[in-house]
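Trainee: Given next are the chains, with one letter for each unit.
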Amino acid sequence: MELILVNLIDGLVYGLLLFMLSAGLTLIFSMMGVLNFAHASFYMLGAYFAYQISTYMGFWMGLLIAPVVVGIAGAGVERYGLRRVHQYGHVPELIFTFGLALLIEEFVQFIWGNSQLPYNEPAILDFALFSIGSNDIAAYKVFMIFVSIGIFLALLYVLTRTRVGMVIQAALSYPRTVENLGHNVPLVFMGVFGVGTGLAGLAGVIAGPQLGTFPGMAILLGSIVFVTIVIGGLGSLWGALVASLLIGWMTTFAASSSFQFADILLALGMEKPAEMSESALRDLWTLTLPQIGPILPYMLMVLVLVVRPYGLFGKRDA
Amino acid sequence: MSDTTQKTAVRPTGVTMSMALPWLIAGAFLLVMPYVFTSNSAITIMNQMAITIIFALSYNMLLGQAGMLSFGHAVYMGVGGFMCVHIMNYVEDYSIPLPLPLLPLFGGLFGLGLATIVGSFSTRRAGTVFAMISLGVGELIAACSIIIVAFFGGEEGVSGDRTMGLPFFGNEFLQQIDVYYLISFWVMLSALLMFLFSRTPVGRMANAVRDNPERAEFLGYSARWVRYYSFCAAGFFAGIAGGLFAISYEILTAENLGLLLSGEILLITFLGGVGFFFGPIIGAIVFTLLQTVLSLQTELWQLYVGALFVATVMFFPGGLAGVLMMHVPAIRLGNAKLLVVPYIKTLIPATIGILAISGFIEILFYSRHAPVGETEMTVFWTDIDTASIVPWIVTVGLALVCFWITKRNAPELVETWHRANAIDGGKA
Chain A
1 MELILVNLID GLVYGLLLFM LSAGLTLIFS MMGVLNFAHA SFYMLGAYFA YQISTYMGFW
61 MGLLIAPVVV GIAGAGVERY GLRRVHQYGH VPELIFTFGL ALLIEEFVQF IWGNSQLPYN
121 EPAILDFALF SIGSNDIAAY KVFMIFVSIG IFLALLYVLT RTRVGMVIQA ALSYPRTVEN
181 LGHNVPLVFM GVFGVGTGLA GLAGVIAGPQ LGTFPGMAIL LGSIVFVTIV IGGLGSLWGA
241 LVASLLIGWM TTFAASSSFQ FADILLALGM EKPAEMSESA LRDLWTLTLP QIGPILPYML
301 MVLVLVVRPY GLFGKRDA
Chain B
319 MSDTTQKTAV RPTGVTMSMA LPWLIAGAFL LVMPYVFTSN SAITIMNQMA ITIIFALSYN
379 MLLGQAGMLS FGHAVYMGVG GFMCVHIMNY VEDYSIPLPL PLLPLFGGLF GLGLATIVGS
439 FSTRRAGTVF AMISLGVGEL IAACSIIIVA FFGGEEGVSG DRTMGLPFFG NEFLQQIDVY
499 YLISFWVMLS ALLMFLFSRT PVGRMANAVR DNPERAEFLG YSARWVRYYS FCAAGFFAGI
559 AGGLFAISYE ILTAENLGLL LSGEILLITF LGGVGFFFGP IIGAIVFTLL QTVLSLQTEL
619 WQLYVGALFV ATVMFFPGGL AGVLMMHVPA IRLGNAKLLV VPYIKTLIPA TIGILAISGF
679 IEILFYSRHA PVGETEMTVF WTDIDTASIV PWIVTVGLAL VCFWITKRNA PELVETWHRA
739 NAIDGGKA
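Residue numbers (my numbering), protein chains in the order written: chain A, 1 to 318; chain B, 319 to 746.
Next up, chain A with everything else stripped away, as it sits in the complex (with noise of 0.2 angstroms):
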């Protein structure tokens, strides 16, 4: 009981991160019509930025920063990369942002090295919260969860409550109508790619401390956030937030739990092989559940993609 209670926790944490990426993801791909590959780039560079700034200013003063200067970055590349390469179609401008994930990856490498960053949370959050049995819940985890629920609630807000909301659910559908009426859709296609990949970044922020800050970190999460944006439906927030929740309690479940194989063998009547190391099966017998753990998700999005490509919530086809 103490156990799924933790998991509930640290699958929250997960899932609410993958959350934080998969809405800013996934609200480009509606408006665009393109994956954005380098999304996670943008999320490692917010943590590199955070590391950076904070040696000199604090932690604080990196959560404020960082996300705002990825989100100009992300505007930038909006403006001079992808309006560039929108001109020759949909592939291209795949293809285009998945080289920039290769050319941030470089990048960071370049500036900052290859080993693991010595970013770490501050020190008013590094104390355990409270505990479930003998298991601490750190502060920071509260904070964590906190900060991207705080997220979500502004985005639902900014979304549907206000005019700018509308006019970016309207360019969404109708871009032409809306640039007829007036508004400068470039100038809202550019705002909003800012405000996601700053998302991200604001993400990479919190995340840094608590993953780690490497230059693999954007690929450990990248193909992730696709798979999470897939399940939910393209282009739907709610389906994100599903999907990520659900990917997120999955992994940590998996991970902790000590389901073995080997019990599905034997309730089946199979005999467990006297030589091991002779048995055709022997990785059958062998496997765990954590060790399948990080590949349940592509299994969930290819089976998605496979019964109803739209994902859970998703309106149109991808």
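It is possible that some hints are incorrect.
Covered stretches of chain B, going by a simulated chain A footprint (3 or more residues, C-beta under 8 angstroms) [what the hints assert, rightly or not]:
1. 369-380
2. 443-455
3. 584-597
4. 613-621
5. 659-665
6. 673-687
Over 10 angstroms on every C-beta distance to chain A, these chain B residues come out as not near it, computed from the model [claimed, not checked]:
7. 335
8. 491
9. 493
10. 652
These aren't lab readings, by the way, just hints derived from the structure by calculation. Where a beta carbon is used, it is the ideal one built from N, C-alpha and C, also for glycine.
Dock chain B against the given chain A, drawing on the hints supplied.
Mentor: Chain B in isolation, oriented as in the chain A frame:
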């Protein structure tokens, strides 16, 4: 494309000299190369190049010819290669009379087998759905390589010995040069087959489905089946590339299945140009050279390759092949010589400027990551001291001057370009 008056029909099937010529030249080229570059390392590089050529051509069957963007193509090459290593080991353990040159065929068949399974659900749609399924399947199989140790060998991979097969006309493939000719044979065969595939009705329909699936459906073709056939064929040739990889290196690891390789092949194909059949060949040659030669010179080669890739996508979406083919109209009009002088006037300063920037980047990198106190380094065969301000000023200044000259001369190039492509040579 070819001038009809030059047609010298050899056979009634309609194979003309001008059609066969590029293949004959390529074949002769492959035969002669080992006599030009005789060192073992050069032959290894050429082997790598040839394998990459097959792989890139097979990738272009998807991306260029059928419009399917795949992020998991390495899987088919990897699985074909792993099967070939296993077969090699069976041949060794049970003395099966299988000559080595036939091995890639089995790799191809297993690549084909996997592609028929995956393609049955992934090719229902093109575009983002296909890209995402390919990513998911790629990640799944790459992750399996660590879990299913019996087949993929876990962390250390699976290794074999190619010399244990039935001797092929007395040849046991002990030396790299023997392997080179084996691979060359398969490169020619696969490239020819892939070219012919692109000229079959299925290959042509793949182009139609890429450009306008709806219209192809109205003409009575099933877009899904056309994509499926292309996908299976691409899987087959990727498997052949995997088999050749197994022969050349005698070991396969999880890296051969990974997303990194899948991304790399996308990069290579796009760099070469997806619009032309020979584009991926150029991409494979250039990339392998960059990878092997540049990586010896600098630690930062991936940064340069990444920058080159992004620049290609932004400014030359047709890739290197596209840039080359841009000049065909001017050459045909006989105006190519007009372009020579403006090209020299813009490209030489631009090249020097880029080299100056890369020098600056190298100095910056060194001064950031070198051990404290060490300031001596070598850039472009010049010993410099990063503590002094001179090299910084020289590189930045040189870059600025060169780009200023390039920018000044660029309008002249553009103007000449238009003249060279005008029918009357711009005399009017």
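Trainee: Determine which of the earlier numbered hints do not hold for this structure and return their numbers in increasing order.
Mentor: 1 and 5
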